[in-house]
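Peer 1: Heads up, the sequence shown is in the numbering used here, so the first residue is 18 and it goes up one at a time.
Don't read these hints as lab results, they were simulated from the structure. The reader is advised that the hints may include incorrect statements.
Subject to a maximum C-alpha distance of 20 Å in a straight line, what follows is the list of computed EDC-like cross-link-like pairs (lysine to aspartate or glutamate) [as the list claims (entries may be wrong)]: (1) K147 <-> E174; (2) K32 <-> D74; (3) K250 <-> E174; (4) K70 <-> D114.
Here are the in silico distance ranges between beta carbons for each label pair [to be verified]: (5) A77 <-> E44: 18 to 24 Å; (6) A156 <-> E246: 21 to 27 Å; (7) G132 <-> P271: 37 to 43 Å.
Ideal placement from N, C-alpha and C gives every residue a C-beta, glycine not left out.
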Amino acid sequence: MRAHLVQLDIRWEDKRGNYSRVLEMMESARPQAGDLVVLPEVFDTGFTIDLLKSPDDDGATLRFQKELAATWGVTVHGCRTVKGADGRGRNRSTVVDANGAVLAEYDKQHPFSLGPEGKRESDCFAPGEKLSLYNWTSAGQSIRVCPTICYDLRFPELFRRGLAAGAEMFVVPANWPDTRVHHWKTLLTARAIENQAFVLGCNRAGRDPALKYPGASIAIGPMGEILAEADEKEQVLSVAIDRKLIDSWRAKFPAWKEAPKTI
18 MRAHLVQLDI
28 RWEDKRGNYS
38 RVLEMMESAR
48 PQAGDLVVLP
58 EVFDTGFTID
68 LLKSPDDDGA
78 TLRFQKELAA
88 TWGVTVHGCR
98 TVKGADGRGR
108 NRSTVVDANG
118 AVLAEYDKQH
128 PFSLGPEGKR
138 ESDCFAPGEK
148 LSLYNWTSAG
158 QSIRVCPTIC
168 YDLRFPELFR
178 RGLAAGAEMF
188 VVPANWPDTR
198 VHHWKTLLTA
208 RAIENQAFVL
218 GCNRAGRDPA
228 LKYPGASIAI
238 GPMGEILAEA
248 DEKEQVLSVA
258 IDRKLIDSWR
268 AKFPAWKEAP
278 KTI
C-alpha cells in the first residue's frame with residue numbers, strides 16, 4: 018500500500034490553476050492503481066472564507082477528484098468548500114474511489130475560531146457533527162481511515178471517537194501556518210502514539226495573501242515513528258504503508274483497548 022501526500026503551493030482562489038498543477042504533480046509521482054492520493058485542505062482555492070468564490074457550487078472540484086481517481090486508478094482524499102442550505106460554508110473532505118464512488122464525506126468539526134472578527138473561519142463556516150470513515154483497500158490489504166481537517170488536530174477527543182469507530186489511520190489535510198509548525202509535527206505524532214494508528218498530515222506549501230506555509234507534510238506510524246517527511250518545497254511525498262505495523266504493535270502493547278468508547 019502506498020500513499021501520496023500532494024504538498025501543493027495552492028494558487029489563491031484559482032481553481033483551474035490548482036487542478037492543472039495537481040495533474041502535473043501526479044505525472045511526476047506516477048501513482049499505481051490502488052494507491053491513496055491525499056490533497057491539502059481546500060486545495061482548489063486556498064484558505065479563503067469568501068463564499069462567493071470558494072464553494073464548489075457547480076461540482077467542478079468533485080468532478081476533478083473523480084477524473085483524477087479514474088485516470089490513475091487510485092483513491093483520492095480531497096477537501097473543498099460547499100455551501101449549506103443555511104447559507105454557511107462547510108469545510109468538507111470528500112473521498113472518491115477509482116470508480117467514482119464517494120466513500121466518505123466529512124465536514125470539519127472545529128472551524129478555526131481565532132483571529133480578527135469577521136475574518137475567522139467560524140464566522141461563516143458551520144461545524145460538522147459526524148465522523149465518516151472509509152476503507153482504503155490496496156494490494157490485498159485494507160485499512161480503516163478516519164478523515165479530520167487541520168484545526169481538528171488540536172482536539173484529541175475527536176480522534177478518540179475515530180478510534181472507537183474502528184480507525185486505523187487518520188488523514189489530516191491542512192493549511193497549517195509556518196509560525197506553528199512545531200505544533201503541527203508534535204500534535205500529529207501525539208495523535209499517532211495515543212491511538213496506535215497511522216497518521217498522514219498533508220499540508221500546503223508557499224504563501225497566500227496573509228500567511229506563509231511550511232509544507233512539512235508527514236507520515237507517522239503507530240508507534241510515533243516518522244515514515245516519511247517533506248521539507249518546505251512543493252512536492253509529492255510518497256510513503257509505503259504496511260498494515261502489519263499496526264497489527265503487531267496493537268497486539269504487543271494493547272493500550273488502545275483501554276481508551277474510552279464514548280467521549
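Peer 1: Now tell me, hint by hint, if it's right for this structure.
Peer 2: So, going through the hints one by one against the coordinates:
| no. | hint | in the structure |
| --- | --- | --- |
| 1 | K147 <-> E174 | holds, 13 Å |
| 2 | K32 <-> D74 | holds, 12 Å |
| 3 | K250 <-> E174 | violated, 32 Å |
| 4 | K70 <-> D114 | violated, 27 Å |
| 5 | A77 <-> E44: 18 to 24 Å | holds, 21 Å |
| 6 | A156 <-> E246: 21 to 27 Å | holds, 23 Å |
| 7 | G132 <-> P271: 37 to 43 Å | holds, 41 Å |
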